[in-house]
Amino acid sequence: MRKSLWLLIALMLVVTMVATACGGAQPPATEQPQATQPAAPEPTKAPEQAAPEPTKAPEQPAMESTGLAELDAAYAGDYAGTVVSMAGPFTDEDAVKFNDSVAAFEEATGIDIQYEGSKEFEASISIRVDAGDAPDIVDFPQPGLLGNFAKQGQVVDVRSFMSGDYLQGQYLQSWLDMGTMQGADGPIMAGIWARFNAKSQVWYPKKAWDEAGYQIPQTWDEMLALSDQIVSDGDTPWCVGIESGAATGWPATDWIEEIMLRTTSLENYDKWTRGELPFDSPEVKNALQILSNLWTDKYVYGGQAAIVTTFFGDAPTPMFENPPKCWLHKQGNFITSFFPAGVEPGVDYDFFYLPPIDPQYGKPYLVAGDIYAMFNDRPEVRATMEYFTKGESLKSWLAAGGALAPQKDASLDWYGDDIERGVANLVSQATSVRFDGSDLMPGEVGAGSFWKGMTDYFSGNADMDTVLKEIDASWPQ
Amino acid sequence: MQEAVRNNVLWIVFGATLSVVFGLLIAVLADRSRFENIAKSLIFLPMAISMVGAGVIWNFVYEIKDAASPQIGLLNALWVAVGGQPQAWTAQLQPWNNLFLIVILIWLQTGYAMVLFSAAIKGIPGELLEAARVDGATEVQTFFKIMIPYIMGTIVTVSTTIIIFTLKIFDVVQVMTGGQFGTHVIATQFYRQYFTNRNFGYGSAIAIVLLIAVIPVMVYNLKQFGERRAF
Amino acid sequence: MAANSANSKQRQKLISDIIINGALFLLVFVWTVPTFGVLVSSFRTRFDIQTSGWWSILPHREWMKVNEFKPDKDLDRDGVMTIKGLQGTFKEFRKGIETPDGTRVTWIGNKRLGRIEVQERRWTMRTDLTLENYTNVLSGKKYALKDAAGNEKIVRGDNFWGAILNSLTVAVPATVIPIMIAAFAAYGFAWMNFPGRKILFVIVVAALVVPVQIELVPILRDYVKLDLNGTFLAVWLAHTGFGLPLATYLLYNYISGLPRDILESAFIDGASHFTIFTRLILPLSVPALASFAIFQFLWTWNDYLVALVSIGSKPDVQVLTMRLAEIVGSRGSDWHLLTAGAFISMILPLAVFFSLQRFFVRGMLAGSVKG
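Chains as they are written, first to last, in my numbering: chain A, 1 to 477; chain B, 478 to 708; chain C, 709 to 1079.
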């Protein structure tokens, strides 16, 4: 018996050795770029020294100067063979689309972009930065977290190599404002916006909708009237679900932000996201009250009790039953990947803009997105960052679907489907664009007490005043 | 933080205790049964499942659908069949919703306790048990008078480790509720504070809290250890 | 008389057999049902999983449509209506009104556009099972990417095989190394006298308590300095460190429980500690070594955080738990694939359990100890 145990252990060891040997063929990520590259080019190359020679590489057909020193040098092949490491939350389909979208850049420049995606991105990035193992570029889906790193002085100011004029040519001012954060000494441009998704859409089951003769509401009151009409037809209008595991509650925070933008000034919204306008203020209370009036047993499929227990991705599913069990669902453009297989955009579903409440605040659009920040300053990293400020870096992703481009030079023609083109078009016509407030707030609030407060409130475990006061109390300092 | 400490107490009182009790019960029953191997394997099965998998498994038990649709969660299906309204087991009835999470821990950990108890029971000389039975002791008497004293060392070890595991409980809460609905425990609270909120002082503080909490267990172990004479 | 008592003894034995096996069966049943449910679900389509319980693959009675028609235009939909001889309000018809002969009349859809279904209760089972979840997991998901010209190209995502190999590469040494070290340590604590023995033992128990999450940053910081980060050696060392306190503690418990007299007689014969350890202790500790081997293998196999920190999550070094977490898709829309993924990831740990289970048998000690 004893013999066979040792035999087993020996066998397992052999298996492991074979496995490690296989692993050796494609060396495990031992070499951080710093290690493989003892003679890294001078990181502080002055822009005028690196005078672009656009036609240096003949295989690049008529490569025009991009006006960016490192990017031109990269296209000229100066950084061929270097590695730029990235980390972020893209996994699965997003990772495939990301790799596809940078493939052309990698081929043209010889820079290898290694993206390391993880579902536990938040924890892993904190650990890696604290341990001195920061990737070159980090992709933050929540600017609030980036703000913490910026404050600790760990992030490279992108204005140190890209001029304000250039950036203004590429982005709307509001994007640049949202990318400006408090650094160790003074404000810095902590990152550049690489893709975004838009949130102010209400989805509806088009076929059944047309049969029922419902009209797209232009104002909040029309939307309420439509909801009443659906109720009087014997159905429930809204599909709502805010369950999302550890992040349960976030769809409710989106709703509050939408209503805030529609019931108070942009200044107040910005103050609110900075912590200067408390949750316990009349403005926020009013927004929560408006939402409470909408999320009632009468209007929500499954009743109020279903709100906190329905997985956000399952929430729209009843909309696609025949006949629909609910008719309206507000969610970001990514939600279409949760729709049942086989439903056709424009045929089975469509969307409209979540209508304004008070006309004096115009037609604001709520967005969220990925901001890329730079942790290690090397020329090839600069070149890669510069590349991401170009709409072209998203071209294949736009065609494949699942992203919207914040860069001004991205064309609407590049979008692969009409729904996303429509969303992008609406955003460009919006009177104002604001970022998801909870993502801007510090993690304690935006990824903590705000979610929790909404969950407690809508599950009936706490009343409005208690919840709002608790959120205020959790604000750091 | 108060909530987290309260919940951790619930976890220890119910989770750790029941894991040990069920582990011992199953080990003893299996020892006397012809189906020992298959029974032990099935009880052990949950340990082989990663937490992500276990999360899926238990979501299929606790899932709630609105009253008008067929329930796909086992518990609600049974509950509705006997005339109840669908319940959100892990969200409502705070703080008792914690118990539904604790069930998952018991389900996972019993296999661990069982394996160790089973090995210890196998170590009891067969003659000893046979002699007791010949003397007319009932099963219950044999269990309390012979088995328990004989495997006391293992009981202490298993209880100590399970109490410590339960004190550090993290995965179950993180995967099932992420600490929402009043289910935070000390470790999830730490994880949030450190990695999301980047409050660094918190980490060391929590390690100390955990060490203090475990002092009684350590003292007991040390007492046992001190009684040993080595060569 | 004698025959009688033998008879009653036999009956007693039968009764206790029934009680024991009955109780065991009950426990095993409760333990297994949740897993069984997901096993069944892993063969169902996403739509089926979302709309009906896994038990509906068993024969059961369900309302089925036998007839359907549009309601009369002039029905008073806000009042009491008469349909098929049944009276009720819209709300009541929406729920369904049963007739005495066992059919049910149900209004489907809203008041204006709805239809009426006549339903009958019939035996049915949902048996359209599929292997699609498994093929998606094992050979990688397919993504259809449209390019600017509208052409579709199919990209296959990562499959499970590479991840399984990586997990094995992590788990096997991470199991063997700590056991070898811990067995020595446990023997030392149990049978050797040395200064600081008590203090060291307290440290071992205290080390059990420290949560893994707290140690991640310092460990990675050291790895960066030693240039070890991203190597398999890093993850082996990390698992060894995290596993050692428990291994030492568990093995100490077992080894210290071995009968004193065997060791005593060995010492009298002049054997050294090393000889006693290799010739006596190791063979006698096989059940304990086997059980700890199982645990450590499972923990390292199912670990996510330690591997994430020490080797990272790039596709070529990714371990199985990472693939499993990613399989749900970027936003979690493919969670149904987890059902299949969970079972695939269980196969190897179970194989280890079965192969080591043979070592838990009565009498390992009985032969060597003169009772």
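Possibly wrong hints are sitting among the right ones.
Unchecked claim - Computed list of lysine to aspartate or glutamate pairs in EDC-like fashion (alpha-carbon distance at most 16 Å, straight line): (1) A:K206 / A:E321; (2) C:K861 / A:D418; (3) C:K819 / A:D228; (4) C:K1022 / A:D112; (5) C:K717 / B:E616; (6) A:K325 / B:E616; (7) A:K395 / A:D100; (8) C:K781 / A:D112; (9) C:K819 / C:E800; (10) C:K854 / A:D418; (11) C:K721 / B:E616; (12) C:K850 / A:D100.
Keep in mind that the hints were calculated from the coordinates and are not lab data.
Just so you know, these numbers come straight off a predicted model, no measurement behind them.
Do the hints match the structure? See the list:
1. This hinted pair checks out: A:K206 and A:E321 have alpha carbons roughly 12 Å apart, not beyond 16 Å.
2. A threshold of 16 Å between alpha carbons decides the hint, and for C:K861 with A:D418 the separation of about 19 Å lies outside it, so the pair is violated.
3. Under the criterion of a C-alpha separation no larger than 16 Å, the hint pairing C:K819 with A:D228 is consistent with the structure, at around 13 Å.
4. Between C:K1022 and A:D112 the alpha-carbon distance is near 14 Å, which keeps this suggested pair within the 16 Å criterion.
5. At roughly 13 Å between alpha-carbon atoms, C:K717 and B:E616 fall within 16 Å of each other, so this suggested pair holds.
6. Taking the CA atoms of A:K325 and B:E616, the gap is about 59 Å. The hint is violated against a cut of 16 Å.
7. Between A:K395 and A:D100 the CA atoms are separated by roughly 10 Å; this keeps the pair inside 16 Å, and the hint holds.
8. Of the pairs offered as hints, the one joining C:K781 and A:D112 is violated, with about 68 Å between alpha carbons and a cut-off of 16 Å exceeded.
9. For the proposed pair C:K819 and C:E800, the alpha carbon gap of about 12 Å is at most 16 Å, so the pair holds.
10. The straight-line distance between the Cα atoms of C:K854 and A:D418 is roughly 13 Å, inside the 16 Å bound, and the hint therefore holds.
11. This hinted pair checks out: C:K721 and B:E616 have alpha carbons roughly 11 Å apart, not beyond 16 Å.
12. Only pairs whose Cα atoms come within 16 Å are accepted, and C:K850 paired with A:D100 is accepted, the gap being roughly 14 Å.
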